[in-house]
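Q: The chain contents come next:
Protein chains: 2
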Amino acid sequence: MTSSHFADRLQARIADTSPVCVGLDPQIRKLPSGLDHSPEGVAQFCHGIIDATHDIAACVKPNLAFFELLGWEGMKIFWDICAYAQSKKLLVIADGKRGDIGSTAEAYAEGYLHENAAVDALTVHPYHGSDGIRPFIDVAARNGKGVYVLVKTSNASAGELQDLPCGDEAVHEHLAQLVESWGAAHFGPKTNLSCVGAVVGATYPEELKYLRTLMPHCPFLIPGYGAQGGTAADVARGFIPDGTGAVVSASRSIIQASGGSDWQDAARKAAETMAAELRKVLSA
Amino acid sequence: MTSSHFADRLQARIADTSPVCVGLDPQIRKLPSGLDHSPEGVAQFCHGIIDATHDIAACVKPNLAFFELLGWEGMKIFWDICAYAQSKKLLVIADGKRGDIGSTAEAYAEGYLHENAAVDALTVHPYHGSDGIRPFIDVAARNGKGVYVLVKTSNASAGELQDLPCGDEAVHEHLAQLVESWGAAHFGPKTNLSCVGAVVGATYPEELKYLRTLMPHCPFLIPGYGAQGGTAADVARGFIPDGTGAVVSASRSIIQASGGSDWQDAARKAAETMAAELRKVLSA
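So the sequence lines, in the order shown, correspond to chains A and B. The numbers in this note's numbering rise by one with no breaks, and the one at position 280 of the first sequence is 1685. The numbers in this note's numbering rise by one with no breaks, and the one at position 106 of the second sequence is 1511.
I should point out that these hints are in silico values taken from the structure, not numbers from a laboratory. Do not take every clue at face value.
A pair counts as met if it fits within one copy or between any two copies, since identical chains are not told apart.
Unchecked claim - In silico BS3-like pairs for lysine-lysine, Cα to Cα no more than 30 Å straight-line:
| hint | residue 1 | residue 2 |
| --- | --- | --- |
| 1 | 1435 | 1614 |
| 2 | 1435 | 1481 |
| 3 | 1493 | 1481 |
| 4 | 1674 | 1493 |
| 5 | 1595 | 1685 |
| 6 | 1685 | 1674 |
Chain A extracted, bound-state conformation:
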């Protein structure tokens, strides 16, 4: 019997492919040669990246900003791309970093995580506290979807708020314990992982290791691999000791691997290399 729980679906897919998550951050002015610098070119580019990587990666992470930048036509492309990715068996993590309260959070959750949505999980901001997260979790749990809460981001200034010392712990460590608790009622029957995950950057490997101990049941989404500087050895610290429990996202190093007409081959090779590097450290 298959489980429709998000973490179980994701882990099954990882087992068939790799923990690679391809970040779809399509910037019009950086589209490779041969594609129109237009919304249509963005759509073709995303289709092409999916075609080139769908049997290597577990999931794609379309970044809503680059679609919203194109106005409502961009949102149409976003939904088309998500449906196309799912048709290729890729799970879709919508990187929207939404975050609000009450009926507004419900509206975001229903918008992106309704039962038939072409999205499997959504990234969310934690600043409102549990009021801002529970509506997402309720909808996700009901519909076999996931939520990834930003805990420790990969950027240079992440620590300005996230590392503020509160007693003997940092803000993001306190949050990590909240995230673990929010997910406690929602473990997948196969993986024992929750539908509530955490975004934890590859660029802070020591924190990554510690945060795994604070959130033993949370799927991790680990950005910052490749172009941002995180290595396979770094991200390995975010996995559960058995080598499960996380996906690692890379965007530029895959989708901009070549700006020439060989962009699809280059993306495929970059994804294959990344998958091999991850397999190596995870089986070590």
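Using the hints, position chain B against chain A.
A: For chain B alone, kept in the frame of chain A given last:
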């Protein structure tokens, strides 16, 4: 000579109207009688609320969640509504609570705050620290637009992260000082207020008063009035002593003032009452 600085434009508009900001949170199932429970009904409703309140309120605050919930068609309605509001001289604060870093933050900023956008300001999440805010500020400052950073939200669990004690200050108080500093290079020539503002909830009046001292140059967007419990006396603490520097948003108490066929009259009356209550406390 008129200034095209966001804070100057907003204050001039407040002087002509009131500090009332009408929150456009159109929920299909709560549309008043006589309107189709459909995206078309949402569009008619928003137009109707704008028609009823445009000469009373300084601005509207369309909440992106309720438009995104309707898919890309909803985003088309969002942009139409924003343009309609601007055509009625209302400023538009897009309540999107976006937040990301680098090129992604730039994409959100360009998407909502480009020179000809039918949006005047955008709400943003602070969790990434300055990397997540500067791209928004750069675009906003260049284009005469504004950015409102979430500092202290109006919800019950706001304190879970925002009030964590860091040394002798709370997280949100530390953030408040960052927000003031981020805006320091961008004061309007007429108001001496920045294009970088803060969202500070009406439901924590003591904090509101203290946060005004920490952010003397930041325009405040104060939610939580009316249905959430904030009173005119509460929100007065967020204004500068001369009675300027803030807008107060209300959604349910205006747009759901009546569910019957008199919804436009009821919305107008609710906005008039709120404007009168604010004038009274601000002139006291």
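Q: With 30 Å as the alpha-carbon cut-off, assign the pair residue 1685 and residue 1674 to within, between, both or neither.
A: This pair counts as within: shortest intra-copy Cα distance 16 Å, inter-copy 67 Å.
Q: Should residue 1674 paired with residue 1493 be assigned to within, between, both, or neither, using CA atoms and 30 Å as the limit?
A: within (19 Å within a copy, 54 Å between copies)
Q: Using 30 Å as the alpha-carbon threshold, which applies to residue 1595 and residue 1685: within, between, both, or neither?
A: Within. Shortest intra-copy distance 25 Å satisfies the 30 Å Cα cut-off; inter-copy 62 Å does not.
Q: Is the C-alpha distance from residue 1435 to residue 1481 at most 30 Å within one copy, between copies, in both cases, or in neither?
A: Answer is both: 21 Å inside a copy and 26 Å across each meet the 30 Å cutoff.
Q: Evaluate residue 1435 and residue 1614 at a C-alpha cut-off of 30 Å and name the case that applies: within, between, both or neither.
A: Neither. Shortest intra-copy (35 Å) and inter-copy (47 Å) distances fail the 30 Å Cα cut-off.
Q: Can you give me the call for residue 1493 and residue 1481, within, between, both or neither, at a CA distance of at most 30 Å?
A: The answer is both: 19 Å in one copy and 29 Å across copies each meet 30 Å.
Comparing the model with each numbered hint stated earlier shows that hint 1 is the single one that does not hold.
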